[in-house]
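J.: Order-wise, the sequence lines are chains A and P.
Take the first sequence: its position 55, counted from the start at 1, is 37 in the working numbering, and no numbers get skipped.
Take the second sequence: its position 5, counted from the start at 1, is -13 in the working numbering, and no numbers get skipped.
For the record, the hints were derived by calculation from the structure and aren't laboratory data.
Hints may contain errors.
Below 25 Å or equal to it, Euclidean Cα-Cα: the simulated SDA-like pairs (lysine to any residue) are [claimed, not checked]:
| # | chain 1 | residue 1 | chain 2 | residue 2 |
| --- | --- | --- | --- | --- |
| 1 | P | K0 | A | L116 |
| 2 | A | K0 | A | T17 |
| 3 | P | K0 | P | E(-13) |
| 4 | A | K0 | P | L116 |
| 5 | A | K0 | P | S115 |
For clarity, every value in this text was computed on a predicted model and none was experimentally measured.
Protein chains: 2
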Amino acid sequence: VLISELSARSHLPVPTVKYYLREGLLPGGRATSATRATYDDSHLQRLRLIRALVEVAGLRLDQVRQVLAAVDDDSAPLHDTLGAALRAVGDAAKVDAAARSRVDAVIRRHGWHVSADSHNRDGLARALAALASLEHPISAGMLDRYFAAMHDLAEAEVASVPSETRDAAVRHAVIGTLLVEPVLTSIRRLAHEDVSARRFAPSEGIGPSPNV
Amino acid sequence: VLISELSARSHLPVPTVKYYLREGLLPGGRATSATRATYDDSHLQRLRLIRALVEVAGLRLDQVRQVLAAVDDDSAPLHDTLGAALRAVGDAAKVDAAARSRVDAVIRRHGWHVSADSHNRDGLARALAALASLEHPISAGMLDRYFAAMHDLAEAEVASVPSETRDAAVRHAVIGTLLVEPVLTSIRRLAHEDVSARRFAPSEGIGPSPNV
């Protein structure tokens, strides 16, 4: 298909598609003349992935680039690729040493296999430090509960990763990890609305909500 | 304290503090002369909250403003305030009607009390539609599992909200809902690193990770 149709089917403006082509995020099409090229389903899928990483997962373009580089690097073992894709999303900003030690200790205690340089260790340490500075520390018991709940879900999620082809596995894992985050975040906010309503609303508010 | 110390203790540059004052996100201090004012602990706490909402929860400034407005509105019942603060965070962009119907049906089936105009309904619908467009739909079984897991956690989280004073309750709920999100997201990514490592890494990789 032509770039105009690629644009229409991905719901992205033509200039955006051209920008991704120039930036190398989207591979070039097959040239049919000096000024025209055609694109196939792989281009459409790639565009949809980029769009979702930006709009749904909220990644910056440099993070999208790192995730795609990890996905495209056929030379790396599958496990390294998944790790690299996830690590790329973290942020390398400075982090409170005490919070980081706490994170390392919890990960060790749970026996998780996580590379020592994973940005997600720092991401968690930064989030915990921010909460502590707001006098809202996360207790050891609650942290263990979060670890257990997330691991349960991860087991179920990774069990559905197809292992036949490397491409399918990487793609599935990246989407399943990063793009499911807003699903969980939204559901958690809805759960908080519900639990707050039950706890704080006037008692006549209890029972299935009438305005739904 | 003076604005310079407020800046130092909140780890925010003086121009940023002044910007928040101008924008009305931070209440003015007590004037001690024509050009000087002093600030107290309530200002420091407010600044830390704004900083965390921006840097940790990733909110835009207009969303921060809505959250703070809900927090500051003493006239509203507590439950409405919490709902308003959470609703403010969602995004009002257009959403796929089929995905939205699915969300409404799941919420109804679980008997959750969620206002019909909560932006988080749309947020969830948008996230589900994005995954479906990437040929990575979330199954009904997995969605139910997410609902159950998030509700379990929300029960434990809301149970610790102090109910003595309205201010403390609102503040705790806002921080506990929004600022814990990056904690859960980080833990989930770490869990995925672990589960992927166990599933895809060479077998000698199993056992506590040597590089931790």
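J.: Compare the structure with the hints numbered earlier in the document and write down the numbers of the violated ones, lowest to highest.
T.: Hint check: nothing fails, all pass.
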